[in-house]
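In the order they appear, the protein sequences are chains C and Z.
Going by this note's numbering, the first residue of the first sequence is number 1, and it counts up by one from there.
Going by this note's numbering, the first residue of the second sequence is number 1001, and it counts up by one from there.
Calculated directly from the structure, the hints in this document are not laboratory data.
All residues carry an ideal CB built from backbone N, CA and C; glycine is no exception.
Heads up, some of the hints might be wrong.
One-sided excerpt, in silico: chain C residues whose CB lies under 10 angstroms from chain Z [unchecked claim]:
| hint | residue |
| --- | --- |
| 1 | THR54 |
| 2 | ARG56 |
| 3 | SER85 |
| 4 | LEU111 |
| 5 | ALA115 |
In case you want the letters, here they are:
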Amino acid sequence: MSKASCLTTVAVVLLAACRPAVPTAPSIELRDAWARETAPGQTSGAAYLTIVNTGREDDRLIGVTAPKATGAMLHSASERGGVASMRMASEVAIPAETTVTLAPLGTHIMLTGLAAPLKPGERVALTLRFARAGPRLIEAAVLPAGSNGPAD
Amino acid sequence: MRRARLILWIAVGIAAVIAAALFFARPAPAPTSTADSSFADIGGPFTLTGSDGTPFASPRLAGRPFAIFFGFTHCPDVCPTTLARLARLRKALAKGDKAFAILFVSVDPERDSPAEMGRYSGLFGTPVIGLTGSPAAIAAVKKQFGIFSKKVPQPGGDYSVDHTATVLLFDRAGQFSATIATDEGDGPALDKLKLLTS
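Bound conformation, chain Z alone (with noise of 0.2 angstroms):
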C-alpha cells in the first residue's frame, strides 16, 4: 500500500517536470502577420486639395518623410499647438524645412476652404501644407490613414470636431513609421524624426 502510494507520487512528479518541460519548451507563438499588415495598410496615395485650390497629389511627396496631422481651421487649441510643435521640432531637428514635409489634413471640409488651410498652414514660420477636399475625397483619406474625426454641437448652433490627434510619421518610401502622441514629451519625439530622417 505505501510502496503503491510512493509510486504514485513518483509519477506525479514525473508529470509534473514534463508538463513543465512541454510549458517552457513551447515554441514562442508565430508573429501574427496582422500587426504588420495592417501597419503597412496605413497611408498609400492620395490626392486632396491644395492651399491654392488645384489637387494635390501625395506622389509629390515622394522621397521625402512626411508628419501628417488632422485638424480643422476653426480649433484654437489642439491644432495650432500640434503644428507649432512640428514646426518647433523641425527646427529642433536642425536638417532644414525639408527634411521631412508637415502635411495638415482638415476634418472639417465643410468649413474650410482650400484658401483657409492655407492661411492658417501659413501661420507657423515654416513651411505646412494645408490640405482639404470634398467630403468624399477626405472621408477616404481619413479612412487610409485610420483617422477619427466627429462634429459636436456647440452652444449657439456652431460645432466643435472630435478628432484623432495623434500625427503619424512616414519614410521616404511612404511607409508608416511612428506615432507622435500629444503627450509625449518632445526629446522621445524628436528621436523618432531623427531615425526618420536619417
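Next up, chain C with everything else stripped away, as it sits in the complex (with noise of 0.2 angstroms):
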C-alpha cells in the first residue's frame, strides 16, 4: 500500500470514527469503477461503478469530485426517435437494498477538464458524496476506449 493511500486510509477511518454513530445509516459499498480512455487533447470522460445500498435506508449520490478533472458532475444520456441527449442530474437515487450501475448509455459521471488523457492502466480517483454516507472515495481503472467495462 502506498504512503498516500496508506493516510488516505487513516483519514477515511478517522472520519468514519468521528461520524455520530447512526444505527439506521445506510451501508453503501462501491464496486467496479472504471473509466473509459481518452485522447490526447480530449478533456471530457466518463467513468461508471455500481453502487450497492446493503442498509434499509434509502441514500442519495449528490455529487462527485476528482482530482484530474477540473469538473465532475453526474450525467444522463437518455435517447429519444434515435436522438441522444446528455442533461445533468442533480442526485441520482439509491435506494434502500437496491444495487445501482452507472453505466455507458445510462446515468454515469462526465469528468470535464482532464488535464492529461486518461490511459489504461491508470486510475481516477473518485470521491463520491452519498446525502446520508456521506463522502466515499474509490479508484476507477482506466480501461481501453474499446472496452464495454470491466466484464468484458
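Starting from the two chains in their separate frames, assemble the complex, guided by the hints.
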C-alpha cells in the first residue's frame, strides 16, 4: 500500500470514527469503478461504477469530485427517436437494499477539464458524496476505449 | 306486409354480402413510392475533411460497405460507446477490418479539428475514419444522411450536442441498407452486418 493511500485510509477511518453513530445509517458499497480511455487533447471523459445500498435506508448520490478533472458531475444520457442527449442530473437515488449501476448510455459520471488523457492501466480517484453515507472514495480503473466495462 | 319485410331483410343480407365481398376483394393499396425513394435518397456522394486535413471524398469508399455514425469528440459516453460497439461487431464478424468501413462524422465542426477527430477515432484499436469539415459542409452532409443535431448549453458556458445516434449502414453500391439503433441487441446488429458484407 502506498504512503498516500495508507494516509487516505487512515483519514477515512478517522472520519468514520468521528461520525456520530447512527444505527440506521445506510451501508454503501462501491464496486467495479472504471473510466474510459480518452484521446490526447480530449478534455472530457466518463466514469462508471456499481453502487450497492445494503442498508435499510434510502440514500442519494449528490455529488462527485475527481482530482484529475476540474469538474465531475452526474450526467444522464437518454435517447428519444434515435436522438441521444445528455443532461446534468442533480442526484441519483440509491434506494435501500438496491444496486444501482452507472453504465454507458445511461447515468454516468462526466469528467470535464481533464489535464491529461486517461490511459489504460491508470487509476482515477473519485470521491462520491452521498446524502446519508457521506463522502466515499473509490479508484476507477482506466480501460481501453474499445472496452465495454470490467466484465468485458 | 310480412312479405315486404322479408324481402327487405333479404335485400339487407345481400347488400351486406356484397359490401363484405367488396371490402375483402379490394386490391391491396399500391405501395407508395415515397418510402422507397426517401430511402434511396439517404446518403449519396460527399466530400469532407479527413484527419490528415486533406479532403476525403466518398468515392474513395467505392466498392466497400460502410457504417456511418455522427457524433463529436467532447462526447464521453454515447459516442465512444457506439464506436467501441462497432469495433467489437466488426471483430465478431471475423471478416477483417476491410469488411466494412467505420465512419465517424463530427456534428460539432466548430470544436472538432481534423487532428482531434483523428486522435479520437484512433482510440478503438481498429481503423475508424474520422471526418469533419466546415460548418456548411457538415450541415450539408447531415441533411444528406437525415441527421439531427442541436447544441445544448451546459452549466459553466460549455455546450453539449444532442444528435442522432443511430448508425446507418450502406452497401457496396453506396445504397442505404439498414440502421443499427443504440438500444438494439448485438445479435440483430451482427445479422445486418453479415448481410451487408455477404
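Here's how the hints hold up against the structure:
1. Interface hint at C:THR54: violated, since its Cβ lies 28 angstroms from the closest Cβ of chain Z, which is beyond the 10 angstroms cut-off.
2. A distance limit of 10 angstroms between C-beta atoms decides the matter here; for C:ARG56 the minimum to chain Z is near 32 angstroms, and the interface restraint is violated.
3. Because the beta carbon of C:SER85 sits about 4 angstroms from the nearest beta carbon in chain Z, less than 10 angstroms, this interface hint is met.
4. Taking 10 angstroms as the C-beta cut-off, the interface hint given for C:LEU111 holds, the closest approach to chain Z being about 7 angstroms.
5. Annotation: interface hint on C:ALA115 violated; nearest CB of chain Z at approximately 15 angstroms, more than 10 angstroms.
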